[in-house]
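Chemist: Per our numbering, residue 38 is the first one in the sequence shown, and the count goes up by one each step.
Because the hints were derived from the structure by calculation, they are not lab data. A few of these clues could be false.
Straight line, CA to CA, 20 Å or less: simulated SDA-like cross-link-like pairs of lysine to any residue [what the hints assert, rightly or not]:
no. : residue 1 : residue 2
1   : Lys180    : Glu200
2   : Lys74     : Thr105
3   : Lys214    : Arg246
4   : Lys369    : Val169
5   : Lys158    : Asn206
6   : Lys112    : Pro56
7   : Lys334    : Ser292
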Amino acid sequence: MIRRVILVVLDSVGIGDAPDADKFGDFGSNTLRNIAKKITDFSIPNLRKLGLANIDADLAIDPVKSPTGAYGKAKEVSPGKDTTSGHWEIAGLQLTSAFPTFPNGFPQEVITEFENKIETKCIGNYTASGTVIINELGDEHVKTGYPIVYTSADSVFQIAMHEDIIPINKQFEICQKARDILVGPYEVGRVIARPFVGKSGNYLRTTNRRDFSLIPFEKTVLNHIADAGKEVIGIGKIEDIYAQSGITEAVHTISNKDGVERTLDQINKDNQGLIFTNLVDFDSQFGHRRNVEGYAKALLEFDKVLPDIQNALKDDDVLILTADHGNDPTFKGTDHTREQVPILIYGKHIKPGVSIGNRETFADIGATISDLLNVHATSFGTSFKDLILQPEYATSH
Numbered sequence: 038m039i040r041r042v043i044l045v046v047l048d049s050v051g052i053g054d055a056p057d058a059d060k061f062g063d064f065g066s067n068t069l070r071n072i073a074k075k076i077t078d079f080s081i082p083n084l085r086k087l088g089l090a091n092i093d094a095d096l097a098i099d100p101v102k103s104p105t106g107a108y109g110k111a112k113e114v115s116p117g118k119d120t121t122s123g124h125w126e127i128a129g130l131q132l133t134s135a136f137p138t139f140p141n142g143f144p145q146e147v148i149t150e151f152e153n154k155i156e157t158k159c160i161g162n163y164t165a166s167g168t169v170i171i172n173e174l175g176d177e178h179v180k181t182g183y184p185i186v187y188t189s190a191d192s193v194f195q196i197a198m199h200e201d202i203i204p205i206n207k208q209f210e211i212c213q214k215a216r217d218i219l220v221g222p223y224e225v226g227r228v229i230a231r232p233f234v235g236k237s238g239n240y241l242r243t244t245n246r247r248d249f250s251l252i253p254f255e256k257t258v259l260n261h262i263a264d265a266g267k268e269v270i271g272i273g274k275i276e277d278i279y280a281q282s283g284i285t286e287a288v289h290t291i292s293n294k295d296g297v298e299r300t301l302d303q304i305n306k307d308n309q310g311l312i313f314t315n316l317v318d319f320d321s322q323f324g325h326r327r328n329v330e331g332y333a334k335a336l337l338e339f340d341k342v343l344p345d346i347q348n349a350l351k352d353d354d355v356l357i358l359t360a361d362h363g364n365d366p367t368f369k370g371t372d373h374t375r376e377q378v379p380i381l382i383y384g385k386h387i388k389p390g391v392s393i394g395n396r397e398t399f400a401d402i403g404a405t406i407s408d409l410l411n412v413h414a415t416s417f418g419t420s421f422k423d424l425i426l427q428p429e430y431a432t433s434h
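All chains, please: the whole structure from these sequences, using the hints.
Modeler: Below you can see the structure in the form of structure tokens.
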């Protein structure tokens with residue numbers, strides 16, 4: 038039996054438009070390929086060695102002859118392209134309807150109820166880039182103390198507040214009140230605290246972001262692992278995405294670099310179960326901002342530290358790298374893109390150079406983790422364990 042799975046989500050690192058991408062306005066998006074085409078001498082040798090470029094001939098990256106890992110890709114069944122639906126599907130839950138979105142802002146009755154709960158007015162209430170709106174409305178917020186409410190193409194109710202005007206713990210209380218009232222037709226996937234600092238003309242978001250997600254509607258693979266007495270360590274925004282459900286230990290992070298370091302800390306401990314990390318900078322810092330150079334640099338930085346993760350693995354560990362959606366920085370707009378995601382699997386007992394093919398759902402990842410750890414599985418997803426485990430290990434454990 039595999040003792041531990043290390044699952045790392047490279048947030049938004051998609052590898053090509055999904056079969057239904059045209060329904061989302063995302064036909065032609067391909068986060069990885071389009072970055073590789075735009076950046077001269079783009080090189081991610083360690084991800085290539087694992088088999089990343091072998092997944093698809095259309096990635097504009099040269100494949101290797103003998104990958105050291107197993108590889109494949111998956112499409113999303115749930116009708117979304119957001120963090121929550123992607124992560125929930127990875128963990129074995131399928132959404133049958135999309136979370137509601139509010140491209141024209143939230144209805145007045147929602148805003149009125151929110152203002153009544155927090156006992157003050159709010160400003161904004163329109164679709165915007167978070168870095169733009171704090172500079173558009175930051176001065177008014179500082180003057181009045183009114184929280185800035187905004188949304189995006191995702192199912193989110195975002196609240197931006199200056200840390201010197203509203204203390205961070207108070208900000209989280211305000212967000213929880215928003216979470217409590219957003220029910221029924223207004224039940225967005227996430228309420229997000231977006232703290233910022235600075236002065237007029239130079240307001241900057243801080244790393245104190247906090248997501249207030251819905252509680253998953255059924256047990257996920259995380260719950261089943263925890264119910265089996267094993268550990269589920271959520272690193273980055275994992276705890277927030279699953280509303281603490283199934284998480285036995287949470288470690289919040291401030292950057293990709295910090296996320297990798299915290300992941301290594303946990304790998305070096307004697308724990309058993311799942312270490313589940315989200316590296317969000319690809320998405321939040323570069324994808325939404327359509328910063329191709331920054332995104333490419335972040336991929337190079339992760340590629341450089343990938344061997345540190347591989348070398349830290351114990352014999353009965355399995356490393357899985359994947360993503361939750363796309364966010365092509367070369368594409369129109371500022372929102373996520375409906376893409377397929379890579380799956381790379383590595384470990385002492387993993388067959389190198391094996392293709393797991395094109396998986397029909399992200400949930401195959403969760404089903405495989407359940408199978409590897411020998412815990413109860415969700416009803417959604419098909420395990421590919423038998424494709425990837427070395428035969429001598431599979432038969433002896």
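Chemist: Would the pair Lys180 and Glu200 pass a check requiring their Cα atoms to be no farther apart than 20 Å?
Modeler: holds, 13 Å
Chemist: Between Lys214 and Arg246, does the CA-CA distance stay at or below 20 Å?
Modeler: holds, 16 Å
Chemist: Do the alpha carbons of Lys369 and Val169 lie within 20 Å of each other, as the hint requires?
Modeler: holds, 17 Å
Chemist: Taking only the CA atoms, is the gap from Lys74 to Thr105 under or equal to 20 Å?
Modeler: violated, 25 Å
Chemist: Given the hint that Lys158 pairs with Asn206, test it: the Cα-Cα distance must not exceed 20 Å.
Modeler: holds, 19 Å
Chemist: Lys112 and Pro56: Cα distance at most 20 Å?
Modeler: holds, 8 Å
Chemist: Going straight from one Cα to the other, do Lys334 and Ser292 come out at no more than 20 Å?
Modeler: Answer holds: Lys334 to Ser292 is near 14 Å, not above 20 Å.
Against the hints set out earlier in the document, a violation occurs for number 2 only.
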